[in-house]
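Q: The whole structure should be built from the sequences, with the hints applied where relevant.
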Amino acid sequence: MYVQIMQKKFSIKGIDQLQLLGFQDANLRLIQQHFNAKITVRGSIVSIEGTEQEVREIEKLFSELIMLVNHNGGVTRKDVETLINLIRTEKDTAKQHVEDLSSVILSTKSGFIRPKTPGQQRYYRSTLKNDIVFVIGPAGTGKTYLAVAIAVAHLKAGEVERLILTRPAVEAGESLGFLPGDFREKVDPYLRPLYDALYDMMPTDKLRRMLERGEIEIAPLAYMRGRTLNNAFVILDEAQNTSALQM
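Counting along the sequence shown from 1, when you hit position 243 you're at 243 in our numbering, and nothing is skipped either side.
In case anyone wonders, no lab produced these hints; they're calculated from the structure.
In silico lysine-lysine, PhoX-like type, Cα no more than 25 Å apart, as pairs: (1) K156 to K60; (2) K116 to K60; (3) K9 to K60; (4) K60 to K8; (5) K13 to K60; (6) K8 to K38; (7) K156 to K78; (8) K206 to K78; (9) K109 to K78; (10) K78 to K116; (11) K109 to K206; (12) K60 to K78; (13) K143 to K156; (14) K38 to K13; (15) K156 to K109; (16) K60 to K109; (17) K9 to K38; (18) K129 to K156; (19) K206 to K156; (20) K116 to K129; (21) K143 to K129; (22) K13 to K156; (23) K116 to K143.
A: The structure is reproduced here in structure tokens:
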């Protein structure tokens, strides 16, 4: 059976090749292990030679990897493997494949963060179209985690200058005075979910630097009074526990 071989070339000029191809071309070798097509990189030119289907798949793969490098500053081995699996297992589900890739919010050391349910998809799309979004749902449905991922993605992309993550330090009508410890010890347990989400999405040293510089701020809602929040992504978590006066 005759199989037509085609060749496609494209430029990766201006892209950080170390982040794209990996240390000692580790990402490139990983891609080559999953495809029969021949892939060569000469300077800033990538050349692919193989069947039409594989050439298109590899070109799509590089396009998505370049998007992640530009968006997140780099890609991990897990990112490459996930994208390869999405592309190689896609046969008659091209539409679903495009939706899966386009809905990637953030790439972390643990893999991609993306909406997993129709409700989360609507939630994510709403944040792209609106300046203010209200989210209501049962506990454990990813409301806070998804919001933090979206916020971090905006910050990494340079679309905002800082993140402000806030939540009421106590339930509406309660008082901190009855809790043991100094003020920080009193409020830290209430803010811990926000810290946990950030540490899951960013390298520890980078997160600490951004917290020190004020690019990311986590504070009780009581500290937000009178603040000017220019070019910031603001998350108010557990808003149902605020009082009318606080709102």
